[in-house]
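A.B. asks: Sequences listed follow chains A and B, in order.
The numbering of the first sequence is the numbering used here, which starts it at 20 and goes up by one.
The numbering of the second sequence is the numbering used here, which starts it at -1 and goes up by one.
Just so you know, not all the hints are guaranteed correct.
Sample of chain A residues facing chain B (criterion: CB under 10 angstroms; computed from the structure) [stated by the list, open to error]:
| hint | residue |
| --- | --- |
| 1 | 68 |
| 2 | 71 |
| 3 | 74 |
| 4 | 76 |
| 5 | 83 |
| 6 | 93 |
| 7 | 101 |
| 8 | 105 |
Because the hints were derived from the structure by calculation, they are not lab data.
Positions of the beta carbon are idealized from the N, C-alpha and C atoms, including for glycine.
If you want the building blocks of each chain, they are given just below.
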Amino acid sequence: MQRRTFLDALLGAAAATALSPLLAEARPGVPTRQPTRSIRYLRPPGARPEEEFLAHCIHCGQCGEICPNRCIQYFGHENGLRSLDTPYIVPREQACILCMKCGEVCPTDAIQPVARELAPILGKVRMGRARIDERLCLSYQGKTCGVCYRACPLQDVAIRVGRLEQPRVLKDCVGCGLCERSCIQIPQAIRIIPDYG
Amino acid sequence: MGTPKPFFLWRHLNKLRWLSLSIVFAMLVALPFMHVYQTFTAAHAYDLLAPSEKQLYDVMETLTAVFTEDPAEDLDAIKGNTWSGSFFGLQLSDPLAVAGQMAAGLKVYAPFLLTALIPVLFTLLLGRFFCGWICPATLLYELNTNVSTWLSRLGFKVGNRHFDRRLKYAVLGVGLLLSAATGSVLMAAIYPPAIVGRELYYAFALGGFGAGTLFFVGTLLFDTLVARRGFCRYVCPGGALYSLLGRYRLVRIRRIAESCNDCAKCNAVCEFGLDPLRDHFGQECNNCTACIAVCPTQAMTFVLRPTDIPEQGPGHLGKQYLRAHSEKGSIDAAP
């Protein structure tokens, strides 16, 4: 473990013992705190809207333990104490392959079970939506690429390519992040904009 | 002698208990490695692994090959930890997880409620047995007690303070209120078995301990430096809930006063600081059977009844002493 993470953990523990900030956090209902997030993360596929998700999740860690792609990570204190030990996905590091096992194993329905078929996935999974930065995308610079399209598990449903493999995101994108994971540009030209509900 | 003898196996239950604790803990250590192994098999990635990962793969393959044909799928059968886990399709959860989730969500989700049914039924029957027989933190806490004993023999000053045991019920109440106020299951952050299960997974599968480990080490230090087994006795919200559920447990330990020689080893060995010598077990006894194992005169046994038997007074040696002295009139024939 790096010193930085260790110090973060130390601070987190100190914060957890001083329970005072908890009282300042208001009950759900008024969506006031959403835009202040600094970390861009996705909840696992099938997760309920953020406030509902936090009320359901018991921080048991089974979703991460069953994930065959090891894409589910857990928050320390960096996203607030309410998110402590809750699952998240950073698609650029490891993206979701939509295997839907986490929803199956979740005991509290924080991640809802979704059948691994096209219609249920399109209907219930809302992790986010991909957005292309045309100034960074190689295909838009005249260098035919198309990697994001080939990485997408929902080709022609979530993403389509046109002339010179120029990608276009369609409205059915569920935000699994495999395109962002596979983008060969640094920084990535396609990103998932999370949807916390 | 007409005095009742306890069934001879009760004395050995304490060993069985250590075995049970060790198995649970070993499983929690093994599960993260099994998961990592699963992801390797799922990715068909053997050739791409680093040497240390190959080693892990080989070891886990040897260990699991007997039980599985397709490790990537079959090993999904056991997942999770004692906080909440699935075991061959059967989902089990800690009652505290259910209580905390109901408080945070302010509504009842029936399928999750049912996952606590089996633990609750066992607790109604056996009391706070989870704390003594299953809790992965208990293994570490009891080993920590032993280490503290050695330290004190070496002349180190070990904490032995006492607080009000009702404190943990307050922690439970405040924890539930805070969960309701913040809409998040906060108790998971301070409940040692949940922490241990999670942190072992973080350490072995995700590459590093998290903040929970520091909290847990803090509780170990508290136990050593302030109060023996202090966290379980005075703070643990889960222990509080189990105690309440087990208040009228059917399976209890009782003292056989006719055999008892008042040596008080039972009181000394009791991790929860209860008073078996005076028949005060109460709702917090976890049926760990350490007092049965330690008793030199076999004066501890099990009894089936929903309440403790009332105080029986001193054992046979104490009674003899009282009799002898009361005849001479030197002391009052107290109970």
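A.B. asks: The structure should be examined with respect to each hint, and the outcome stated for every one.
C.D. replies: Taking the hints in turn, this is what the structure says about them:
1. A cut of 10 angstroms between beta carbons decides the hint on residue 68 (chain A): the least distance to chain B is about 12 angstroms, and the hint is violated.
2. At its closest, the beta carbon of residue 71 (chain A) sits 8 angstroms from a beta carbon of chain B; the interface hint therefore holds under the 10 angstroms criterion.
3. Hint status for residue 74 (chain A): holds, given a least beta-carbon distance of 4 angstroms to chain B, under 10 angstroms.
4. With a cut of 10 angstroms, the hint placing residue 76 (chain A) at the interface with chain B holds, because the nearest CB-to-CB distance is about 7 angstroms.
5. Evaluation of the residue 83 (chain A) hint against chain B yields a held restraint, the C-beta minimum of about 7 angstroms falling below 10 angstroms.
6. With a least beta-carbon distance of about 7 angstroms to chain B, the hint placing residue 93 (chain A) at the interface is held under the 10 angstroms criterion.
7. Interface hint status for residue 101 (chain A): upheld, as the beta-carbon distance to the closest one in chain B is roughly 4 angstroms, under 10 angstroms.
8. The criterion of a C-beta within 10 angstroms of any C-beta in chain B is met by residue 105 (chain A), whose closest approach is roughly 8 angstroms, and the hint holds.
The structure does not agree with numbered hint 1 stated previously, though it agrees with all others.
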